[in-house]
Amino acid sequence: MAEPKVKYDRQLRIWGEQGQSALEKSSVCLLNCGPTGSETLKNLVLGGIGSITVVDGSKVELGDLGNNFMVDESSLGESKAKCVCAFLQELNDAVKAKFIEEYPDKLIETSPSFFSQFTLVIATQLVEDKMIKLDRICREADVILIFARSYGLTGLVRISAKVKLRIPVFVYQLMHLTVVLYAELNSYCDYPEHTVIESKPDHFLDDLRLNNPWPELKSSGISKFEIDDISLLHSVNAENSFAESIDINVSDPVAHKHIPYVVILLKMTTEWAQNHGGALPSTREEKKEFKDLLKSRMISLDEENYKEAADASFKVFAPQGISSNLERILNDSCADISSNSSDFWVMVAALKEFITHEGAGEVPLDGSIPDMTSSTEHYVNLQKVYQAKAEADVCAMEKHVRNILKKLGRDASGQNSKSKL
Amino acid sequence: MDRIDVTNPIVNFLFSLLEDVGKPKAEVAAKRVMERLSGVNIVPHFCRIEDKDLDFYNDFNIIVLGLDSVEARSYINAVACSFLEYDANDNPKEETIKPMVDGGTEGFKGHARVIIPGVTPCFECTIWLFPPQVKFPLCTLAETPRTAAHCIEYAHLIKWDEVHSGKTFDPDNPEHMQWVYTEAVKRAELFGIPGVTYSLTQGVVKNIIPAIASTNAIISAACALETLKIVSGCSKTLSNYMTYNGVEGVHIKVTEFVRDKDCLVCGPGVLIELDTSCTLQKFIDMVKEHPKLQLSKASVTYQGKNLYMQAPPVLEEMTRANLTESLFDLMRRVPSGTVHVTGTTSENGKKTSGVRKLRVAFKGVDGIADMDTAGGA
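Protein chains in written order, with the UniProt record's numbering: chain A, 1 to 421; chain B, 1 to 377.
There may be inaccurate statements among the hints.
Claimed, not checked - List time: in silico DSBU-like cross-link candidates among lysine-lysine, alpha-carbon distance up to 30 Å:
no.	chain 1	residue 1	chain 2	residue 2
1	B	206	A	315
2	B	31	B	229
3	A	7	B	229
4	A	288	A	352
5	A	96	B	229
Said to hold, decoys possible - Some chain B residues well away from chain A (every beta-carbon gap over 12 Å; in silico):
no.	residue
6	35
7	53
8	70
Everything labelled a hint here was simulated from the structure, so no lab data went into it. Glycine included, C-beta positions come from ideal geometry on N, C-alpha and C.
Generate the whole structure from the sequences, applying the supplied hints.
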């Protein structure tokens with residue numbers, strides 16, 4: 001038997017071990033194991049979901065063989081739930097697979113409490129009045145519900161979750177291959193798993209803080225507002241002021257083409273600000289002029305670092321700021337925490353504190369930097385400066401979380417306050 | 001040609017972790033589906049896609065691509081487009097159209113597309129959709145490594161050859177991988193670079209694409225549905241490129257790309273005018289020199305008949321005598337016709353197999369005037 005780490009390697013590269021363990025802790029109930037439902041479970045079982053429970057009262061008929069891969073001729077006349085469950089179990093023995101031979105409609109009517117044991121219920125091919133009833137049951141029990149129906153070349157998937165809900169509905173209209181996405185986004189969800197997944201987002205914009213460098217980064221001799229504040233530069237310890245020691249006017253061509261673009265941009269910004277009363281390039285003309293200034297400092301045409309600087313110069317012009325999605329979370333009434341707030345909202349409250357205090361309007365720094373043309377030494381040192389800031393930000397966040405928990409009278413010792421946003 | 005790897009079963013339910021690791025994917029997949037569904041006949045071919053001749057592919061109504069690289073897609077696309085013929089008005093002849101359905105995934109993202117050669121853009125028409133492939137310059141690896149990946153590639157591409165002269169690196173050999181990992185760690189320590197792990201080493205060296213069963217299911221379902229629509233004619237197909245992105249919420253977009261009128265692959269073919277005396281050997285030389293083709297080691301077929309084959313040796317020997325014959329005679333003295341040329345092209349120092357369709361016209365035959373077009377061969 002392969003190690004789970006090896007077996008799940010390709011998906012672990014997406015959601016990491018925390019994501020995998022969240023998956024392995026969840027239990028899913030499927031109502032009706034027709035082709036839509038069975039295929040859904042198949043994908044969850046392969047990924048290593050904790051447990052599945054298949055609910056279906058029907059027997060396997062001839063018509064099922066042509067559209068459901070999970071049943072075959074030998075299962076004719078047998079319980080469909082049993083056959084589908086057995087097939088799924090064979091795919092991954094790490095999953096606990098159970099079945100209940102019962103019609104979901106009946107279960108909804110007679111045993112509403114049955115559904116509260118699951119993390120999530122997937123209800124397929126239900127009629128409307130049963131869907132409404134089930135929705136009420138699941139909301140009361142705080143169980144996430146997904147409805148799915150397929151009709152020939154069309155179908156729909158709908159997610160329903162308790163109160164602070166988000167109900168994204170999307171209809172994938174296969175007939176004309178058009179996609180309609182309705183999002184009744186009253187608020188957004190607070191599914192706990194959304195807060196623990198170490199997401200590996202696509203980095204469209206690396207957070208380099210070039211627009212608003214912190215003191216240690218400023219010590220590269222660059223400052224937006226305090227270019228005259230020499231004392232600040234001196235206050236920074238020698239290890240962190242590496243960038244300042246970099247002379248971007250170095251005459252050695254090899255050294256010149258190995259200055260990281262981050263340093264070039266920071267220094268050129270300082271120079272610009274000095275000549276423009278402390279302001280950054282803001283108009284279209286100024287931005288172009290700034291780029292031209294960058295180009296004029298190239299000492300040969302093959303200097304990739306200067307090309308990278310010109311391409312990234314927009315990062316100097318605009319503040320990183322708070323994204324609109326995050327803004328909505330921060331402004332949610334749940335962020336005014338009480339003693340029974342979830343860990344997620346405690347962290348949101350801590351984040352709010354951070355942004356107002358240490359962050360001065362910014363979220364904690366992620367700390368990773370993209371690869372860039374540079375000498376090894378400069379790059380590694382630059383990485384350390386960003387890492388140090390990120391670690392300091394995490395410590396500050398941790399402090400806020402502890403303070404908040406203390407105020408709420410909760411035990412802070414077991415809390416994992418590492419935030420990932 | 002792939003064999004089942006230990007990471008395949010969790011994304012492909014046809015493969016069993018206990019029984020199938022190391023077996024050919026094609027054979028196991030075919031067997032499993034046939035066991036499950038009576039009356040279905042699937043013939044597995046455990047070989048490289050380039051090993052099959054044009055006739056093999058021409059026998060199918062439709063080609064579905066479950067390929068994993070730009071090169072492989074390019075090759076099959078050229079094969080399918082090579083069957084396409086145009087009438088005198090440069091409209092594609094319907095009976096020669098070989099539709100393709102292509103799909104691919106990476107993590108939470110995927111795409112599905114329908115290619116109707118001559119009607120919708122072929123793979124080559126929209127090759128610009130792919131970003132340039134990231135490759136580290138050797139000087140970075142050797143002199144200024146910065147990231148963990150640089151250290152790994154140094155161990156993999158430079159150090160391995162220095163230490164193991166003549167022994168090829170095998171990414172599937174755990175000992176080899178461990179050696180690269182250990183060397184990468186040493187190098188990273190030397191330069192103070194963080195982040196080298198065994199998992200990253202595998203990822204970089206084997207170029208492992210992250211995968212989730214669900215994204216694969218969504219894309220394969222879209223491909224299957226489009227295939228069903230094409231063969232049954234039951235509904236309008238996807239026109240012509242769908243992107244799926246499930247990273248944040250769900251975003252699905254269908255884009256109608258347009259054909260590249262000058263596409264060398266799905267267009268009517270490069271026109272080559274020849275004297276009736278031109279020998280096959282001279283023609284092959286010409287194909288190598290032609291600025292738009294640059295196909296070396298060319299094999300030539302005409303209407304499914306091999307005029308000259310570079311390999312295998314048996315076929316080479318059988319067709320060698322044709323080299324000194326005139327192409328005009330070999331093409332049974334037609335005024336013009338389409339020939340298929342298979343050969344090697346090299347782009348940015350990388351060699352790939354390619355199929356090209358050429359329209360050959362013979363000067364001064366049957367009322368075809370000397371067109372004397374500029375830019376002809």
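Self-check item: Which numbered hints fail
Solution: 1, 3, 4, 5 and 6
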